[in-house]
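J.: Residue numbers (the working numbering), protein chains in the order written: chain A, 14 to 282; chain B, 6 to 93.
Hints listed in this document are in silico derivations from the structure and should not be mistaken for laboratory results.
Just so you know, even glycine gets a beta-carbon here, dropped at the ideal spot from N, CA and C.
Heads up, some of the hints might be wrong.
Stated by the list, open to error - Here are a few chain B residues that face chain A, going by a calculated C-beta distance under 10 Å:
{"hint": "1", "residue": "M6"}
{"hint": "2", "residue": "Q10"}
{"hint": "3", "residue": "E18"}
{"hint": "4", "residue": "A46"}
{"hint": "5", "residue": "Q60"}
{"hint": "6", "residue": "A62"}
{"hint": "7", "residue": "L66"}
{"hint": "8", "residue": "L67"}
{"hint": "9", "residue": "L69"}
{"hint": "10", "residue": "P72"}
{"hint": "11", "residue": "T73"}
{"hint": "12", "residue": "I77"}
{"hint": "13", "residue": "P78"}
{"hint": "14", "residue": "A80"}
{"hint": "15", "residue": "A85"}
{"hint": "16", "residue": "C86"}
Said to hold, decoys possible - Here are some of the chain B residues that sit facing chain A, going by a computed Cβ distance under 10 Å:
{"hint": "17", "residue": "L14"}
{"hint": "18", "residue": "S70"}
{"hint": "19", "residue": "P90"}
Unchecked claim - Listed below are the simulated DSSO-like cross-link pairs for lysine-lysine, each with C-alpha atoms no more than 27 Å apart in a straight line:
{"hint": "20", "chain 1": "B", "residue 1": "K22", "chain 2": "A", "residue 2": "K251"}
{"hint": "21", "chain 1": "A", "residue 1": "K111", "chain 2": "A", "residue 2": "K278"}
{"hint": "22", "chain 1": "A", "residue 1": "K131", "chain 2": "A", "residue 2": "K172"}
{"hint": "23", "chain 1": "A", "residue 1": "K76", "chain 2": "A", "residue 2": "K278"}
{"hint": "24", "chain 1": "A", "residue 1": "K276", "chain 2": "A", "residue 2": "K72"}
{"hint": "25", "chain 1": "B", "residue 1": "K83", "chain 2": "A", "residue 2": "K131"}
{"hint": "26", "chain 1": "A", "residue 1": "K169", "chain 2": "B", "residue 2": "K83"}
{"hint": "27", "chain 1": "A", "residue 1": "K172", "chain 2": "A", "residue 2": "K276"}
{"hint": "28", "chain 1": "A", "residue 1": "K111", "chain 2": "A", "residue 2": "K76"}
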Amino acid sequence: MRYIEPHGHMVSRVTDDYVDMATAGCAAVCEPAFWAGFDRSSPQGFYDYFCQLTEHEPKRAAKFGLAHYTWLCINPKESEDVNLAEEVVDLIPQFLDKPNVLGIGEIGLNKNSRNELKVLEMHIDLAAQYNQLILVHTPHLEDKLKGTRLIVDALKSDKRIKPERVIIDHVEEHTIDIPLDAGFWAGMTLYPESKCTAARAIDMIECYGGERLWMNSACDWGVSVPLAVPYAALEMRKRGYNAEEIDKFVFQNPVRFMSQSPKFKTPPA
Amino acid sequence: MTRQQALDLYFMEARAKLIDIAAFLDRVERSDGEPDFRLTAFVNALEELGAGKTQRARNVLLSLSDPTLEPIPTATTKAACGAWPGTS
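Chain A with its partners taken away, still in its complex shape (with noise of 0.2 Å):
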């Protein structure tokens, strides 16, 4: 089996993720920008960071023979600041050339402030004005609901987005029409206690078709799964879908999306 890690923040993992993300068949790990756990206290960790993003975590993925991109921003948890998070908006342009940057993420909201939604509109004009795709988290629990209306709201009040090239991620069965009824992609995090368990992912498909939808583990340095795709793959064939059927969504449509990168090379069977 055959399968990209759309949503994984590796910099968090210990290098055994990688050796058996590797060995369940793992081909690429897509790594959106991240909150550390604890905010940055300046724009200059920002900086570091995403020259880890950038240069360092793909040297260290390529040691087990997998492809690495990454996705900027400052994360909707840090952006209650909103004088720091211009400083970080600044910072980013001088990094959307290099090879592995495929756009602007994960922005979105935390708690759906109106800072936060300032700073998410902020990144919104900077994919747009750069042409990057996007890649959206929602926010947690009793939130995702109102959060992922306001960003729904945000992208498509900027006339410039194209909806097939956003991803909204971490959706559940309460948000997932909500994005795709606009005409956007929208993700399933695989997460032990919140968000979605594998079965309840591919009910999601089997009511929602996948046409637009992936699945990635979110692995981070909380409570996550670095192998939740695999273990999905698995669920999926117990219900008796063939070979095809899964790659499709295991691979295929992370792909398509993806692709929308020129960077994005998909890679070989």
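The hints should help you fit chain B onto chain A, whose structure is shown.
T.: For chain B alone, coordinates are given in the frame of chain A:
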């Protein structure tokens, strides 16, 4: 997947989760403490499992969600707690 296959594949797992929920409610009930909006929201969400309902997962999630549309003035925490403390 037929209904028989769905039951064969998922019944035992769902049964275990159902008993876990029952044990959780018993555990909370025998503990001393103040009322908590999360427990109220949880019990309300259970009503979405009732006979004759459809889209139960979606409706449970909706019942635990903030239904409002206006951004909040300021984020005072980064965390979510799993249930909306307000009233719709």
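J.: Now, for every hint given, state plainly whether the structure supports it.
T.: Outcome of the hint check:
1. M6: This hint holds: M6 (chain B) lies near chain A, its Cβ roughly 5 Å from the closest one there, short of 10 Å.
2. Q10: At about 8 Å, which falls below the 10 Å cut-off, the nearest Cβ of chain A leaves the hint on Q10 (chain B) intact, so it holds.
3. E18: The hint holds - E18 (chain B) has a Cβ within 10 Å of chain A, the shortest such distance being about 8 Å.
4. A46: With a closest approach of 8 Å, the A46 (chain B) hint holds.
5. Q60: 7 Å, holds
6. A62: 4 Å, holds
7. L66: 4 Å, holds
8. L67: Check passed: Cβ of L67 (chain B) comes within 5 Å of chain A, closer than 10 Å.
9. L69: 6 Å, holds
10. P72: Interface hint status for P72 (chain B): holds (7 Å vs cutoff 10 Å).
11. T73: Holds. Min distance 6 Å.
12. I77: Result: holds, 5 Å to nearest chain A Cβ.
13. P78: 6 Å, holds
14. A80: A80 (chain B) check passes; min Cβ-Cβ to chain A is 4 Å, inside 10 Å.
15. A85: 4 Å, holds
16. C86: 7 Å, holds
17. L14: 6 Å, holds
18. S70: With a closest approach of 4 Å, the S70 (chain B) hint holds.
19. P90: At 8 Å from the nearest chain A Cβ, P90 (chain B) passes the 10 Å test, so the hint holds.
20. B:K22 <-> A:K251: 20 Å, holds
21. A:K111 <-> A:K278: Holds. K111 (chain A) to K278 (chain A) sits at ~14 Å (cutoff 27 Å).
22. A:K131 <-> A:K172: Between K131 (chain A) and K172 (chain A) the Cα gap is close to 17 Å, so the pair holds against 27 Å.
23. A:K76 <-> A:K278: 18 Å, holds
24. A:K276 <-> A:K72: This hinted pair holds, its Cα atoms lying about 17 Å apart.
25. B:K83 <-> A:K131: 17 Å, holds
26. A:K169 <-> B:K83: Between K169 (chain A) and K83 (chain B) the Cα gap is close to 26 Å, so the pair holds against 27 Å.
27. A:K172 <-> A:K276: 24 Å, holds
28. A:K111 <-> A:K76: 19 Å, holds
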